[in-house]
Every structure is written in C-alpha cells, then in structure tokens.
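> Now for the letters of each chain:
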Amino acid sequence: SQKIEQNSEALNIQEGKTATLTCNYTNYSPAYLQWYRQDPGRGPVFLLLIRENEKEKRKERLKVTFDTTLKQSLFHITASQPADSATYLCALDDGGGSQGNLIFGKGTKLSVKP
Amino acid sequence: DAGVIQSPRHEVTEMGQEVTLRCKPISGHNSLFWYRQTMMRGLELLIYFNNNVPIDDSGMPEDRFSAKMPNASFSTLKIQPSEPRDSAVYFCASSLSRVSGELFFGEGSRLTVL
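Respectively, the protein sequence lines represent chains A and B. The numbering of the first sequence is this note's numbering, which starts it at 33 and goes up by one. The numbering of the second sequence is this note's numbering, which starts it at 20 and goes up by one.
Quick caveat, the hints were computed from the structure, so don't treat them as lab data. For every residue, glycine included, the Cβ atom is placed at its ideal position computed from N, Cα and C. It is possible that part of the hints are untrue.
[Stated by the list, open to error] Short, incomplete list of chain A residues facing chain B, as computed with Cβ under 10 Å:
{"no.": "1", "residue": "Gln66"}
{"no.": "2", "residue": "Tyr68"}
{"no.": "3", "residue": "Gln70"}
{"no.": "4", "residue": "Gly73"}
{"no.": "5", "residue": "Val77"}
{"no.": "6", "residue": "Phe78"}
{"no.": "7", "residue": "Ala123"}
{"no.": "8", "residue": "Gly139"}
{"no.": "9", "residue": "Ser143"}
{"no.": "10", "residue": "Val144"}
{"no.": "11", "residue": "Pro146"}
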C-alpha cells in the first residue's frame, strides 16, 4: 500500500524566511495530492490541491510543487509569519485509482520565530 | 454553514464501557469519513461512506468498532467495549465528492479510556 513520509517532524525558521516542507510517497503516483494545516486542538483545514498533471500551484504566499518522477511534493510558505506556526499535513489517495481513501502523512510542525 | 459538527468534544470513560461518537456533516456533502489521530500513528482512515453507504471499512481496527450513517445528516462511530488503546482524537470529515474533493473536518472528539 501507499506510504507517505514527511521527513521533518519539526521545522524552525525565522520570520520573513521561506519555509519548505517535504512530502514523499513510495508507490504509484496519485492522481492528486493535498496539503492541510492543523492547529493544536483543532481539525485539519484544507489549503491546496495539486493534480498529477500540474507541476506547481500557488495561493497567496503558499506554493506547492508535484514531481511524479521524484515521488515528491514540496510545500513553500514565503515571507513566513509567526501566525503560520502549525502542523502541516500532506494527503493523497491510497486507492490505486479508486480515489476514495485519502491517507495522511504524520505532518511537519512548523514554528516561525519573530 | 456551521461546518462539520462532532460531539462530544471530550469523553473520558472506563475500560469496557460503550462509547458513541456523533457527527453531522455539512449539508449537501455526499461523502463522510471517520479518522483517528494519535501521536504514534498520525491520522488513520477508519471508514468512509458515500451517499450513506459504507464503501470501505478496512481501516476499522476490530469488531469492537462499528459505524453507521442512517441518513445524510448524521453518522455515529461506536466502540464497544472500549479499551485504553482506543484513546485518541477521532475526527469526522465530509466532502462534496469522494473523488479528489477537499475534506472538511470537524473539531474532533478526544477520547480517553482509563
């Protein structure tokens, strides 16, 4: 079955810098990949979805890339702010095409210091 | 819309007791998902429904777990009998579409089994 690895449990950066988070998967390339933000004690909140035929997607200060050759997605937050501190989860389908089972990585906890 | 509503937010119970978690999805959403989140395993998909029909319950850990969706606006996850290892945060999420739709999560039900 598909496995997801978010290779940093925690990432600490200075305010104003660009945060880059990594999501790797092991098996077949999914049709799409999603990124979520989770604050302590809250449910995950959807941020961005990128499809396999898209190399890059942007939303305000957020940018996601999807490299099916490397089996990797990168999530960037430019001009980071302390309010960006949260855990970021990547998710993709584990259905081998059925696109029903959305599985999540364990997340990367981002801390942005002022 | 109020979003996905889960109850109770917190539940403390003793081993062997029955636990029922409840979820009201967003009106008009066709798919409903139950996830469990722990530090060790992250977010795990337990079961999902499409148009009130269970599609895949392969993530349900044991026969002690059961889920129902009697109508489009209500779902329950029941654990009977509960065990300490069931302690986790249980999330319900809904989606407009099972295929590549973003998930809208509730705030979760934190279960502690003593």
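> Does each hint hold? Answer for all of them.
Okay, the hints, checked on the actual structure:
For Gln66 of chain A, the interface hint holds, the least distance from its beta-carbon to any beta-carbon of chain B being 7 Å, beneath 10 Å. Residue-level restraint check for Tyr68 of chain A holds (minimum Cβ-Cβ distance to chain B is 8 Å; threshold 10 Å). A cut of 10 Å between beta carbons decides the hint on Gln70 of chain A: the least distance to chain B is about 9 Å, and the hint holds. For Gly73 of chain A, the interface hint holds, since its Cβ comes within 10 Å of a Cβ in chain B; the closest pair sits about 8 Å apart.
Given hint, Val77 of chain A at the interface with chain B, holds; its Cβ is 7 Å from that chain's nearest Cβ, closer than 10 Å. Using the Cβ-Cβ criterion of 10 Å, the hint placing Phe78 of chain A at the interface with chain B is satisfied: the shortest such distance is roughly 4 Å. Evaluation of the Ala123 of chain A hint against chain B yields a held restraint, the C-beta minimum of about 8 Å falling below 10 Å. With a cut of 10 Å, the hint placing Gly139 of chain A at the interface with chain B holds, because the nearest CB-to-CB distance is about 7 Å.
Among the interface hints, the one on Ser143 of chain A is violated; its C-beta lies about 17 Å from the nearest C-beta in chain B, farther than the 10 Å criterion. With 10 Å as the threshold, the beta carbon of Val144 of chain A stays out of range of chain B, its nearest partner Cβ sitting at about 22 Å, so the hint is violated. Against a cut-off of 10 Å between C-beta atoms, the interface hint on Pro146 of chain A is violated, since the closest Cβ of chain B lies about 27 Å away.
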